[in-house]
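S.K.: Listed below are the residues making up each chain.
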Amino acid sequence: QKEVEQNSGPLSVPEGAIASLNCTYSDRVSQSFFWYRQYSGKSPELIMSIYSNGDKEDGRFTAQLNKASQYVSLLIRDSQPSDSATYLCAVNRADSSYKLIFGSGTRLLVRP
Amino acid sequence: DTGVSQNPRHKITKRGQNVTFRCDPISEHNRLYWYRQTLGQGPEFLTYFQNEAQLEKSRLLSDRFSAERPKGSFSTLEIQRTEQGDSAMYLCASSFISGGRDTEAFFGQGTRLTVV
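Residue numbers (the working numbering), protein chains in the order written: chain Z, 1 to 112; chain W, 1 to 116.
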């Protein structure tokens, strides 16, 4: 079992729709969760972090965390063609010993 | 300080040659990560440092790979006797850890290695 799992996609949504990206993780001790966006040929760019159960909103992005289900998601409202990219989920234990581990990413395609 | 900086951005080398990459993290960050990424995959953990101490090295990493962070500032990643399978994007990221909690990690632009 991979430590961080994501559906590779592509997830295709029409412009203006809500895109929902999901991620599950295997280590219950994980306490810090991050979403990165990566355009083709570029390095990952941090878009959201979440540390507590519940929702965290930042502009058109909402991260949702459910530690009991070991599940974290990213919602993108009013999707734009410029949101088309690969979205990477990353998890880290909030201690001094654990490394930041990434999923393989979900490719999002927003159709004009 | 404008962020994490990696050099070179691109490197083409012949099989069997040694290559070295450099990463300059965000200045106040004490943690530095190296990842490798191939097409269609997420970043694969290679190693990481807290200050100058190398805390962990991936079991998948062969002895041809070595990394240093001599003064807890910049880091270098060396690959000896390169193989075609080493062709990938090498990513560096940095973060700050305090009180047992790691903050958000930021990536450099990456170094794309092509072994011919």
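These are calculated hints, taken from the structure and not from any lab test. Glycine is no exception: its CB is placed at the ideal position from the N, C-alpha and C atoms. Among the hints, a few may not be true.
Stated by the list, open to error - One side of the interface only, derived from the structure: several residues of chain Z facing chain W at Cβ under 7 Å:
1) 60
2) 62
3) 105
Stated by the list, open to error - In silico contact screen, one side only, chain Z against chain W (beta carbon under 8 Å); selected entries:
4) 9
5) 13
6) 88
S.K.: Take the hints in turn and mark each one as holding or not.
M.R.: Taking the hints in turn, this is what the structure says about them:
1. 60: violated (19 Å)
2. 62: violated (17 Å)
3. 105: holds (5 Å)
4. 9: Not OK, violated: residue 9/Z not within 8 Å of chain W, min 11 Å.
5. 13: violated (20 Å)
6. 88: holds (5 Å)
When the structure is compared with the earlier hints, violations turn up for hints 1, 2, 4 and 5 and for no others.
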